[in-house]
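Now that you have both chains on their own, put them together as the hints suggest.
Chains as they are written, first to last, in this note's numbering: chain W, 1 to 431; chain V, 432 to 617.
Bear in mind the hints are in silico, worked out from the structure with no lab data behind them. Owing to the predicted nature of the structure, the values given are computational and were not obtained by experimental measurement. Be careful, since some hints might not be right.
Part of the chain W face toward chain V, derived, beta carbon under 10 Å [as the list claims (entries may be wrong)]:
(1) PHE165
(2) SER167
(3) LEU171
(4) TRP179
(5) HIS286
(6) ILE303
(7) THR304
(8) ASN306
(9) ASN318
(10) LEU321
(11) GLY322
(12) PRO375
(13) VAL381
Here are some of the chain W residues that sit facing chain V, going by a computed Cβ distance under 10 Å [as the list claims (entries may be wrong)]:
(14) TRP157
(15) PHE184
(16) PRO189
(17) ARG193
(18) PRO241
(19) THR283
(20) PRO284
(21) SER319
(22) VAL324
(23) ALA393
(24) LEU396
Okay, derived cross-link-like pairs now, BS3-like style, lysine-lysine, Cα gap no bigger than 27 Å in a straight line [said to hold, decoys possible]:
(25) LYS594(V) x LYS282(W)
(26) LYS344(W) x LYS409(W)
(27) LYS497(V) x LYS282(W)
(28) LYS344(W) x LYS230(W)
(29) LYS501(V) x LYS594(V)
(30) LYS282(W) x LYS501(V)
(31) LYS594(V) x LYS374(W)
(32) LYS282(W) x LYS615(V)
Virtual Cβ for every residue (Gly too), placed ideally from N, Cα, C.
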Amino acid sequence: MSGGHSEYNPSNGFTKWLDARLPLPRFVYDSFIAYPVPRNLNGWYTFGAILAIMLIVQIITGVVLAMHYVASTAGAFNSVEFIMRDVNYGWLMRRLHANGASMFFFAVYIHIFRGMYYGSYKNPREVLWILGVLIFLLMMATAFMGYVLPWGQMSFWGATVITGFFSAIPLVGTTIQEWLLGGFAVGNPTLNRFFSLHYLLPFMIVGVVALHVWALHVTGQTNPTGVEVKNMKKETVPFTPYATIKDFLGLSLFFIVFAWFVFYLPDYMGHPDNYIRANSLKTPAHIVPEWYFLPFYAILRAITFNISIPFTDIVLINSKLGGVLAMVGSIAILFVLPWLDTSKVRSASYRPLYKQFFWVFVVVSVLLGWLGSKPADGGYVIAAQILTAYYFAHFLIILPWLGWYEKPKQVPPSIADAVLKKKSTAAQPAE
Amino acid sequence: MSAKSKSEPTRRDFLYIATGTMGAVGAAAVMWPPIRLMSPDASTLALSSIEVDVSSIEPGQAITVKWRGKPVFIRNRTDKEVEEAGAVAIDELKDKEARNQNLGAGPATAVNRSAGEGKENWIVMIGNCTHLGCIPVGLSGDFGGWFCPCHGSHYDTAGRIRKGPAPENLLIPPFEFISDETLKIG
Ligand code: HEM
Ligand code: FES
Chain W
1 MSGGHSEYNP SNGFTKWLDA RLPLPRFVYD SFIAYPVPRN LNGWYTFGAI
51 LAIMLIVQII TGVVLAMHYV ASTAGAFNSV EFIMRDVNYG WLMRRLHANG
101 ASMFFFAVYI HIFRGMYYGS YKNPREVLWI LGVLIFLLMM ATAFMGYVLP
151 WGQMSFWGAT VITGFFSAIP LVGTTIQEWL LGGFAVGNPT LNRFFSLHYL
201 LPFMIVGVVA LHVWALHVTG QTNPTGVEVK NMKKETVPFT PYATIKDFLG
251 LSLFFIVFAW FVFYLPDYMG HPDNYIRANS LKTPAHIVPE WYFLPFYAIL
301 RAITFNISIP FTDIVLINSK LGGVLAMVGS IAILFVLPWL DTSKVRSASY
351 RPLYKQFFWV FVVVSVLLGW LGSKPADGGY VIAAQILTAY YFAHFLIILP
401 WLGWYEKPKQ VPPSIADAVL KKKSTAAQPA E
Chain V
432 MSAKSKSEPT RRDFLYIATG TMGAVGAAAV MWPPIRLMSP DASTLALSSI
482 EVDVSSIEPG QAITVKWRGK PVFIRNRTDK EVEEAGAVAI DELKDKEARN
532 QNLGAGPATA VNRSAGEGKE NWIVMIGNCT HLGCIPVGLS GDFGGWFCPC
582 HGSHYDTAGR IRKGPAPENL LIPPFEFISD ETLKIG
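Extracted from the complex, chain V is given alone in its bound form (with noise of 0.2 Å):
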């Protein structure tokens, strides 16, 4: 059998080994449906934008919503906070990516992490710490931002992470304003 084996492949051997890779084609290709059923479903996938009337959020208030089960936060700073924001030097930044999803790359500025030029009061910001999914805490923490209780991280005003164990900045979700009220994120 050893001898054989050595000696050049047969018919036989090609058939075994076809067999064995269409059937372990076949196993995959089984396994897949079970496996894809575990993703997010057509209804969680439609709920993919909605619009917010933000008229009513005076200077130095802030909302959530929710959009796709997660908490939104859209924050009215004020002119302290922003100024705050903008006297950091990108260095001293635990996460100098700006993730923003409206701008693609680029660094984590004042100007990047807000609602852009001309709206740099507003902020908005996916409401899960980037840790493990926390809600942080508005107006608290040791840079007068967010603070996450769940493993103590610390973002600034801009939402930049700047201590504990959280590594990114919190994500900017997709978001337009429409008009001067209303804000469509998604």
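Isolated chain W, as found in the complex (with noise of 0.2 Å):
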């Protein structure tokens, strides 16, 4: 939608002389003023906005964060009490960065689910998404590597359980691990890396951000309809104002949220048992992720049978393999997502069977999380099972099969005519 065409003009000469030499400003207006966005965006679309500011309030809090911080098994546990109480602000500090990760998971998920209901993976926007995806397995391992820096008790024995995830692997799993660990079992040389590569994601994650954004500008926002901009000038308007107020909006909403948890519940998403200090002979009685890991940490745990050639002993995939499989794949395979969903209607607000898919999904996911804070047994084991075989029937059976099944609905031909016709459209039933 960025048609290749800029609208710039530099107005004075100095900023003719550095579009001639270096020409930022041009590609900043071009990015961010200039750009049109559709017309008929609602509020699902500001999530973008508000996670590229978290990106941004992570890296922040976390650097000065890692001005007091002490990386190793000795020091860590008390460092972090040393930044809660000696260092100015540095109560503030941690728990912005601790309810930060907690923030930017909700609106990476809000993020995520925006984009399966308006269909936005959908061609031609397939590598935007696995860009997307990119991020996200991005953003898991940094959390994941920032969890254990605390070093308290589920710090402690959280890395040991995911980094036990690579000894699944047949016959060189334990040496990966060792290798991984730099050690027998989770100790200084893990805790010391860690630190390093949670210093590093971050802006691996800017990086990819980068090439994400660059991907959006080149094809242009889907929107509600899922009907793709015919006209620019009547159903597109400007970045600026228009789009940077709503995300302000967007953002500040956010924020009250946001500042609710750190003010007033700044303990809420954590875990009292990290405030013991890690211990390599005790594990706590009940271990459980951070919340953003819990549906995928259920999905772990439900395979707890081996897989066997029938009527032999031959066990092809043992359980503690298979759980791991399980779980790489129900990410993994939000990659191919695109060419599962067969159905070449994007929005689910013209696909009335998808949408009732959609939230039954959604339902799923969130009880899946739900499942993966509670002990693993009878039931729950149970009910993990049945809930992990519909995660990925909806991708590979559901999917693929709505697409021929399915009648949409009309499709509007413009966005100019769906906004202006919308109760109208709403009213009438599928053809």
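See below:
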């Protein structure tokens, strides 16, 4: 939609001079001021901007925390308490950083579900979507390693369990695990390298975000109708002031919730066990990851059975490898989503059946998260197994099947038509 | 150009391939030190064996010691526990291997899992769940042995996996009794 042409007109001598040498102002103008956005974007579209700001919040608070943090098994736990008590505004920076991670994930989940609802991953936005999934993966790695840094009981045992995934790899698993840990168990070398990588990865995220935004500006945004912009003049508005102001409103509301947690419920999303110093000889009675990992954790724990060749004892995939594969698969499957959804219609607004399955999927994901926080026994495991099966069926069976089975509603010929006749279209039955 | 590449390889082709190969080998060689740097270092590897005084562990008692940063369970089992372990048919087990580094391969019989003939009451195992490494809790679970709270793995009194996601019996490290009182691990 950027269309390749630029509307930037350098106004004075200096900007003209610079434009001929490094057209940075032109780039900013074209990307964030004149950039045309569909005029019918709703509030769900503000989460992209919220995510960008949250990344900046994490980097700024993180860099100042790192000035006082000590990355050693002897010093880490105390240094975090020291930050909380003695460092000027240390309590604020740490609480912004810890709760910021939660808010960041909350925003990314809304952003991903938004993409699923409006079919944002469909042709021609597959690369844009894949870059998004990559950012999500990097965020998970970053947050996991960050959570190890305060060196509490959950830090230590979370790190043990997650690096244990690698020991599931046949033959070379243990070697890889010991290489990652730098020892036979989680210890000082592990903590040090996690700090190093926790510092590095956010900047890699910045890089992938740049590619993500670049890809976005090549294809343009989707919009709630799923119809591409046909008439630039009639159907788009310039990014500034329209989108900037709207994003600012979304961000303000989001920050109210963020501030509520930081100032009134600062430990609500954390876990009390993480205020106990790491002890390699005692596992907490109930290990749970941070809430944003819970659905994947439930999928991991759902695979309690070996998969064998029928009627023999030959185990093809043991329960441990099976759990890790299911968990990795549940994220990896997002990469191929653009090719699993076979429907040509983009937006769920015009897909009556998909709309229902979408909401079922949202509920299943939330329930999986709830199960991930429960102990792994009895009915909880069975429920997690059923929901895990459904999670995969949604992508592998329901989406491909819906593409040919479902009869979509009449898609409006253009955004302009849809916006003007909004009421009457909504009332029309499917044809 | 394309017509030419279909004909006999030239000296230039050879030079390109040789240079490219050398470049790839060189790049791999340069990457090796930073990759190796992440492996366990000499001080970590040096912690290879420890000696433990077990004289004060009465039947029914257990201690946990730290070996290579990992917990090791040393349990003096009661006769009842040993009997229970012996009464289980190998076919009922999820993992039929002894997983005893002192034996090599062998079935997970009660004797093979213990400190051996005459010392069947002793069991020495690495205390990390074979699932993802949590430390199972002793004297609990459905089989009276160990229970791992992380994802619900139940081990019996011989440390064999009976239920839950863990794939293998608790691993038995290399160890020997250097006297009746002293156990050497590693
Ligand atoms: C993608 C962005 C980031 C995410 C999602 C993230 C996430 C986290 C999380 C979840 C924690 C544990 C908080 C706690 O419970 O105390 C943490 C700690 C920490 N992070 Fe980050 N982080 C990010 C960026 C950064 C950056 C750029 C730095 C710069 C060096 C940094 C430095 C630290 C430090 C020093 C700690 C330990 C102090 C503490 O626990 O509060 N982080 N991070
Ligand atoms: S680590 Fe023990 S059951 Fe998962």
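Okay, the hints, checked on the actual structure:
no.: 1; hint: PHE165; in the structure: holds, 7 Å
no.: 2; hint: SER167; in the structure: holds, 8 Å
no.: 3; hint: LEU171; in the structure: violated, 14 Å
no.: 4; hint: TRP179; in the structure: holds, 5 Å
no.: 5; hint: HIS286; in the structure: holds, 6 Å
no.: 6; hint: ILE303; in the structure: holds, 7 Å
no.: 7; hint: THR304; in the structure: holds, 5 Å
no.: 8; hint: ASN306; in the structure: holds, 7 Å
no.: 9; hint: ASN318; in the structure: holds, 4 Å
no.: 10; hint: LEU321; in the structure: holds, 8 Å
no.: 11; hint: GLY322; in the structure: holds, 8 Å
no.: 12; hint: PRO375; in the structure: holds, 7 Å
no.: 13; hint: VAL381; in the structure: holds, 7 Å
no.: 14; hint: TRP157; in the structure: holds, 6 Å
no.: 15; hint: PHE184; in the structure: holds, 4 Å
no.: 16; hint: PRO189; in the structure: holds, 7 Å
no.: 17; hint: ARG193; in the structure: holds, 7 Å
no.: 18; hint: PRO241; in the structure: violated, 49 Å
no.: 19; hint: THR283; in the structure: holds, 4 Å
no.: 20; hint: PRO284; in the structure: holds, 8 Å
no.: 21; hint: SER319; in the structure: holds, 5 Å
no.: 22; hint: VAL324; in the structure: holds, 9 Å
no.: 23; hint: ALA393; in the structure: violated, 22 Å
no.: 24; hint: LEU396; in the structure: violated, 23 Å
no.: 25; hint: LYS594(V) x LYS282(W); in the structure: holds, 22 Å
no.: 26; hint: LYS344(W) x LYS409(W); in the structure: holds, 12 Å
no.: 27; hint: LYS497(V) x LYS282(W); in the structure: holds, 11 Å
no.: 28; hint: LYS344(W) x LYS230(W); in the structure: holds, 18 Å
no.: 29; hint: LYS501(V) x LYS594(V); in the structure: holds, 23 Å
no.: 30; hint: LYS282(W) x LYS501(V); in the structure: holds, 11 Å
no.: 31; hint: LYS594(V) x LYS374(W); in the structure: holds, 18 Å
no.: 32; hint: LYS282(W) x LYS615(V); in the structure: holds, 23 Å
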